[in-house]
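Student: Going down the list, the protein sequences come from chains W and L. No gaps in the numbering here: position 251 of the first sequence is 251 in our numbering, and each next residue is one more. No gaps in the numbering here: position 118 of the second sequence is 118 in our numbering, and each next residue is one more.
Don't read these hints as lab results, they were simulated from the structure. Small disclaimer: the values here were computed from a predicted structure and weren't measured. Among these hints, one or two may not hold up.
Cβ pair distances, simulated, as ranges [said to hold, decoys possible]: (1) L:L282 x W:P213: 40 to 46 Å; (2) W:N169 x L:T313: 54 to 60 Å; (3) W:N169 x L:A322: 43 to 49 Å; (4) L:I51 x W:N78: 51 to 57 Å; (5) W:Y21 x L:I54: 39 to 45 Å; (6) L:A322 x W:T369: 34 to 40 Å; (7) L:G150 x W:R423: 44 to 50 Å; (8) L:L282 x W:R423: 24 to 30 Å.
For the chain L half of the interface with chain W, some residues (derived, Cβ under 7 Å), not all of them [claimed, not checked]: (9) D28; (10) R206; (11) T207; (12) V208; (13) R211; (14) A215; (15) S218; (16) N219; (17) A222; (18) A226; (19) G227; (20) K286; (21) A318; (22) G321.
Backbone N, C-alpha and C define an ideal beta-carbon position, used for all residues, glycine too.
Residue-level listing of the chains:
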Amino acid sequence: MSDPSPTQRIAFTAVDVSKSYPGVTALDGVSLTGYAGEVLAICGANGAGKSTLARLLAGQEQPTSGTIDIAGWDKPINGPADAQDAGILLMHQEPMIIDDFTVAENVWIKEVSSAGSVRGWKTARRHRAAATREVLAKVGLHGVSPDEPARNLGPGLRQMLALSRTQVNDHTVLLLDETTASTTEEHFKDVLELVDRERAAGVSVIFVSHRMPEVFSLADRIAVLRNGRLVDIVKTSETTPSDVMTLMIGKAVSAFEAPPPVPVDSRPVLEVSGLTSGSATDISFTVKEGEVLGIYGLVGSGRSSIIRSISGNQTRESGVVTVNGDAIHPKNPGEAAATGIAYLTEDRRKEGFVKDFTNGENMTLATITRFARLGVINRRKENKRIGELISEYQVKGGPSTFTRTLSGGNQQKVVIAKWLEARPDAVLLDEPTKGIDVGARMNIYQIIHRLADDGKAVVVVTSEAEEALMLCNRILVLKEGRFVGEFTPATSTTDDLIRASLAGVTA
Amino acid sequence: MTQTNPTSTVTATASTPAPAPADRSGFDWRRVGAWATEQYPLYILILLLIIAGISTSAFFTPQNLTNLILQASVIGIVTLAQFLVVLTGGIDISVGSVVGLAGVLAAGLFSGASVPVAILVAVLTGAVIGAVNGWLVAFRGLEAFIVTLGMLALARGLVYAYTEGVPVTPQAEDFRAIASSTLAGFPVIGILWLVLAVAVAFLVRRTVFGRRVYASGSNKEAALAAGVPVRSTLFLVYVIAGVLAGFAGFLLASRVGVGTPTAGNGYELNAIAAVVIGGTSLVGGKGRVFGAVIGTLIFAVISNLLVLLNVSTYLQDAFRGALILVAVLLTTVHFAKKKKARQLT
Numbered sequence: 001m002s003d004p005s006p007t008q009r010i011a012f013t014a015v016d017v018s019k020s021y022p023g024v025t026a027l028d029g030v031s032l033t034g035y036a037g038e039v040l041a042i043c044g045a046n047g048a049g050k051s052t053l054a055r056l057l058a059g060q061e062q063p064t065s066g067t068i069d070i071a072g073w074d075k076p077i078n079g080p081a082d083a084q085d086a087g088i089l090l091m092h093q094e095p096m097i098i099d100d101f102t103v104a105e106n107v108w109i110k111e112v113s114s115a116g117s118v119r120g121w122k123t124a125r126r127h128r129a130a131a132t133r134e135v136l137a138k139v140g141l142h143g144v145s146p147d148e149p150a151r152n153l154g155p156g157l158r159q160m161l162a163l164s165r166t167q168v169n170d171h172t173v174l175l176l177d178e179t180t181a182s183t184t185e186e187h188f189k190d191v192l193e194l195v196d197r198e199r200a201a202g203v204s205v206i207f208v209s210h211r212m213p214e215v216f217s218l219a220d221r222i223a224v225l226r227n228g229r230l231v232d233i234v235k236t237s238e239t240t241p242s243d244v245m246t247l248m249i250g251k252a253v254s255a256f257e258a259p260p261p262v263p264v265d266s267r268p269v270l271e272v273s274g275l276t277s278g279s280a281t282d283i284s285f286t287v288k289e290g291e292v293l294g295i296y297g298l299v300g301s302g303r304s305s306i307i308r309s310i311s312g313n314q315t316r317e318s319g320v321v322t323v324n325g326d327a328i329h330p331k332n333p334g335e336a337a338a339t340g341i342a343y344l345t346e347d348r349r350k351e352g353f354v355k356d357f358t359n360g361e362n363m364t365l366a367t368i369t370r371f372a373r374l375g376v377i378n379r380r381k382e383n384k385r386i387g388e389l390i391s392e393y394q395v396k397g398g399p400s401t402f403t404r405t406l407s408g409g410n411q412q413k414v415v416i417a418k419w420l421e422a423r424p425d426a427v428l429l430d431e432p433t434k435g436i437d438v439g440a441r442m443n444i445y446q447i448i449h450r451l452a453d454d455g456k457a458v459v460v461v462t463s464e465a466e467e468a469l470m471l472c473n474r475i476l477v478l479k480e481g482r483f484v485g486e487f488t489p490a491t492s493t494t495d496d497l498i499r500a501s502l503a504g505v506t507a
Numbered sequence: 001m002t003q004t005n006p007t008s009t010v011t012a013t014a015s016t017p018a019p020a021p022a023d024r025s026g027f028d029w030r031r032v033g034a035w036a037t038e039q040y041p042l043y044i045l046i047l048l049l050i051i052a053g054i055s056t057s058a059f060f061t062p063q064n065l066t067n068l069i070l071q072a073s074v075i076g077i078v079t080l081a082q083f084l085v086v087l088t089g090g091i092d093i094s095v096g097s098v099v100g101l102a103g104v105l106a107a108g109l110f111s112g113a114s115v116p117v118a119i120l121v122a123v124l125t126g127a128v129i130g131a132v133n134g135w136l137v138a139f140r141g142l143e144a145f146i147v148t149l150g151m152l153a154l155a156r157g158l159v160y161a162y163t164e165g166v167p168v169t170p171q172a173e174d175f176r177a178i179a180s181s182t183l184a185g186f187p188v189i190g191i192l193w194l195v196l197a198v199a200v201a202f203l204v205r206r207t208v209f210g211r212r213v214y215a216s217g218s219n220k221e222a223a224l225a226a227g228v229p230v231r232s233t234l235f236l237v238y239v240i241a242g243v244l245a246g247f248a249g250f251l252l253a254s255r256v257g258v259g260t261p262t263a264g265n266g267y268e269l270n271a272i273a274a275v276v277i278g279g280t281s282l283v284g285g286k287g288r289v290f291g292a293v294i295g296t297l298i299f300a301v302i303s304n305l306l307v308l309l310n311v312s313t314y315l316q317d318a319f320r321g322a323l324i325l326v327a328v329l330l331t332t333v334h335f336a337k338k339k340k341a342r343q344l345t
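If we strip away everything but chain W, and leave its shape as in the complex, we get (with noise of 0.2 Å):
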C-alpha cells in the first residue's frame, strides 16, 4: 500500500468498516482515507462492495461496524441531509434531475428547496439566468436553456446537467458513484475538467467505477475491492489497467481474440439500403452470415436509431430492410422476430425483461407458444428448456430467481438466451455490455462470438471503441446520422475511430 506525503490534509477517513445485510457481508473490514485535493478511485468487480462503500461514505446507510469521520463535522451522519452538512455531495449513476422542473431549478435546486420564501427564488429568476449559463458552461452545456424542461435533455446531457450541482454546491467531499456509465467520450473530457477544478479546490473526490480507461484518466489513487474487502491501494502513476483489473478479479484477464474472418463467399443475411429515421439519414449496409458488424458513435448519433428501426421498435421513414433477400415490415418487434430479426436493448431494465419474472418466465417469454398446446403452456417441457438454457449460458441463481436480483452480466444472459431462443437470423446488439462489468463482458463477448460461429449475422451497436475493436469484424462510424468510415480491428486503433465520430475523418 502507498500513501500521499504526509502534508496534505485528511478529508475523510473510513476505519474498519464493515456492512453486513441479513445472509451477505457485503463490506468487511475496508479502512480508507482520502485526502483534500485527491482524486481517489474506487475500483471493484460488480459484487465487490463498491456500491455499498459509497453509499456508507454518503450516510446513505450505516455501517455495521467501523466509523466514518468526515473531517470538520463532528456529529454522527444520520441520512442524506447531514450527509449534506457535512459537505459530501453525491453524483448518482442514474442522474437525479426533477423532470418537470427547467435546467435552471435543477441546477439550483437546493436553493429552491430552502428558500426562505415560497417564491423566493423564483423572483430573482433574471438574475439567475445569467449565472446558470455560466455554471452549465462549465460543465460543457453551452447550448441548453436554463428555461428548457429537464425532461427534453437526452441521457448524456442529464448527467452533466447532475454535476453542474457541483458547481453550486458547497462541499468538501464529492462522490461520483459509477457516474461516467452513461457519459459519452464527448462529454468525458468536461468530466475530466470539472474533477480538475475540483481537485485544485481542494475538494476530496471519490470515484467510483470499474472502467480503467476512466479510471487512470481521473484517479491519483485506486482502491481495489474484491468481495467485499480492500485488495489493495496504488498509486496510478505507479501501476497499470491490466494490473488493476488483475486485483480486481484476482487472476490475470487474458487477451480477448479477434473474431475469426468472415469467408468471403458466405451469404449476406441482412441488407439495409437508404435507411432513413430519427436522427440515422440514407444508412446503408450488408452483413453477412458469421459476420460481426460494429456500429461505433457518439450517444445522439443515430445508431440506436438503425438498429431500433430495423427491429420494429421504431418507425422507418424510408428505406429498404431484408433478410436473407425478403424484404420486411416489421410494424412491432413481434414481428420483427417472426422474420428473424431480434434486438437486444440498450436499457435492459424497461426493456429488456420483465421485473416480476423469474429467469425461467423471461427465457421463454419471447417463445412461450413453442411449449404450448391450445394455448395451454406444457410446464415439463418448458422447465426442461430453461433448464438446458440456465447451463448453456451459465446463468446464476438458477431458474426460479427473479432476474432483477442478478448482475447487470447475469441479465444479459437472460436476455441474450430470451431472444436465440427465437432462432433469429440476425441478432441487433444495443450496448451489450452496458453495465456489466469487467469479468463478466468477457463472457459476453465469448457468447456474441459464439453467434457469429454458428452463423448469424450480428450487429453491435457500442460506444467503446476498445469494445468494438476487440468484438467486431468491421466496424462502421456514425457522425451525426451518417457513416463517416469503416475501419477493419487489424488496422485501426481507438484513435481512429474516436477522431472519425468526431470529425469524420476517414481513415
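With chain W's structure known, arrange chain L on it following the hints.
Tutor: Frame of chain W, contents of chain L only:
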C-alpha cells in the same frame, strides 16, 4: 393449485442440468416453508375464524356458514374479475355497476322468462361493457381509473333508467333455482365461485394468455419488446372481467329473486380491497388467485361476524373501511421487506 411456481422442479443452484423427472414426486419442504411465509392473508383469516368461534357460538353453525358462503360467492366472483384487471396494473371500479345492470337486464329483458337466456343476457352485458372499457384502456391508452369511473356512473344510470328505480321481477319460476339449490349440502353458488376461481387460476398460471397478462402488468415495455401483444391482452382481460362481473350480476339477481336497481352498489370497493388484502400488487404483475379468494373470505367473515355481534350497520361500514386501511398498510410492510432484501445484489 394457484401458488405453485412454474419453474419449481429445478432447484435454485447455478448450472443445474435439466431437472430429472424424479424431482416432481419428491415433496420439497423448503418450498412449502417459503410458500408458508408468504401467506399472511391466510393467517389473518385463520385468526379471524378463531376470534369468530370464541366470540359467538352462532358463528360455526351450518346455517350461518351457508349464509356466509352465499354472501361471499357473488362478491368472490366480482373479486376474480377485479383480480385480473389489477394484475395488468389497471383497476376496474365499474364492476359493481356491471353487476347491477346485468342483474336487472337478466331479470327484465325477454321478461326474464328463461334462465339460460337470462344468463346469456347478463354475460353479454358484462362482455359489452368490458369491451368498451378494454378498448378505451388498451387501444386508446386512457387511464383505467377514469374510464371505469365513467362506466360506473354510466352503467348505474342505465340501471335506474331501465328500472325507474323499481325492482324487476322475472317471470321464470326457476329463476331462483341456481342460487338457492345445494349440492351435497353445499350451496351451488359457492361451487360456481370455486370452479371459476380454479378456472381463472388455470388461465393466469398455465396458459400463454396468463403469462402475457403477468408480463404486460409487470413491465409493459419489456413485454412489447418481446413480441407480447400487450394491447389485445389488456383488452381481453377487461372483457373477461366484464363477463365475470355480468355472471355475478345474474347470480345476485337469482339469489334475491328480483333484479334490484341498487344491486352491486359498493362492490368495487369490496373487490379491490379483497384483491389487495390477498397480496396482489396494485402496480400489476404480482398476485395469486388464491390470495384473492382468501381476501374475499376475510371480508365475508368480518361482515358476518359484525352482523352476528349486532354491530350497527353504520359502524360495520367503518369497520370495513378500517380493515382496508390496515390491509394496505400490511402490504407496504410486506413489500418494504422484500425491497430491502433486493438491495443486496
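Student: The structure should be examined with respect to each hint, and the outcome stated for every one.
Tutor: Against the structure, the hints come out as follows:
1. Against the hinted window of 40 to 46 Å, the Cβ-Cβ separation of L282 of chain L and P213 of chain W comes to about 45 Å, which satisfies the hint.
2. Our hint of 54 to 60 Å for N169 of chain W and T313 of chain L holds, since their Cβ atoms are close to 58 Å apart.
3. Distance hint check: the CB atoms of N169 of chain W and A322 of chain L are about 45 Å apart, consistent with the given range 43 to 49 Å.
4. Roughly 41 Å separates the CB atoms of I51 of chain L and N78 of chain W, a value that falls outside the hinted 51 to 57 Å.
5. The hinted range of 39 to 45 Å is satisfied by Y21 of chain W and I54 of chain L, whose Cβ atoms lie roughly 41 Å apart.
6. Roughly 46 Å separates the CB atoms of A322 of chain L and T369 of chain W, a value that falls outside the hinted 34 to 40 Å.
7. Distance hint check: the CB atoms of G150 of chain L and R423 of chain W are about 45 Å apart, consistent with the given range 44 to 50 Å.
8. Against the hinted window of 24 to 30 Å, the Cβ-Cβ separation of L282 of chain L and R423 of chain W comes to about 38 Å, which falls outside the hint.
9. Proximity of D28 of chain L to chain W is violated relative to the hint, the smallest CB-CB distance being about 11 Å (cut-off 7 Å).
10. At a threshold of 7 Å, the smallest CB-CB gap from R206 of chain L to chain W is about 6 Å, leaving the interface hint in force.
11. This hint holds: T207 of chain L has a C-beta 5 Å from the nearest C-beta of chain W, less than the 7 Å allowed.
12. Residue-level restraint check for V208 of chain L holds (minimum Cβ-Cβ distance to chain W is 5 Å; threshold 7 Å).
13. Evaluation of the R211 of chain L hint against chain W yields a held restraint, the C-beta minimum of about 5 Å falling below 7 Å.
14. Given hint, A215 of chain L at the interface with chain W, holds; its Cβ is 5 Å from that chain's nearest Cβ, closer than 7 Å.
15. With 7 Å as the threshold, the beta carbon of S218 of chain L comes within range of chain W, its nearest partner Cβ sitting at about 4 Å, so the hint holds.
16. Hint status for N219 of chain L relative to chain W: holds, with the closest Cβ pair at about 4 Å, below 7 Å.
17. At its closest, the beta carbon of A222 of chain L sits 5 Å from a beta carbon of chain W; the interface hint therefore holds under the 7 Å criterion.
18. Below 7 Å, beta-carbon pairs count as interface contacts, and A226 of chain L has one with chain W at about 4 Å; its hint therefore holds.
19. About 3 Å separates the beta-carbon of G227 of chain L from the nearest beta-carbon of chain W, less than 7 Å, and the hint is met.
20. Annotation: interface hint on K286 of chain L holds; nearest CB of chain W at approximately 5 Å, less than 7 Å.
21. With a least beta-carbon distance of about 35 Å to chain W, the hint placing A318 of chain L at the interface is violated under the 7 Å criterion.
22. The beta carbon of G321 of chain L comes no nearer than 29 Å to any beta carbon in chain W, farther than 7 Å, and the hint placing it at the interface is violated.
Hint compliance for this structure: hints 4, 6, 8, 9, 21, 22 are not met, and every other hint is.
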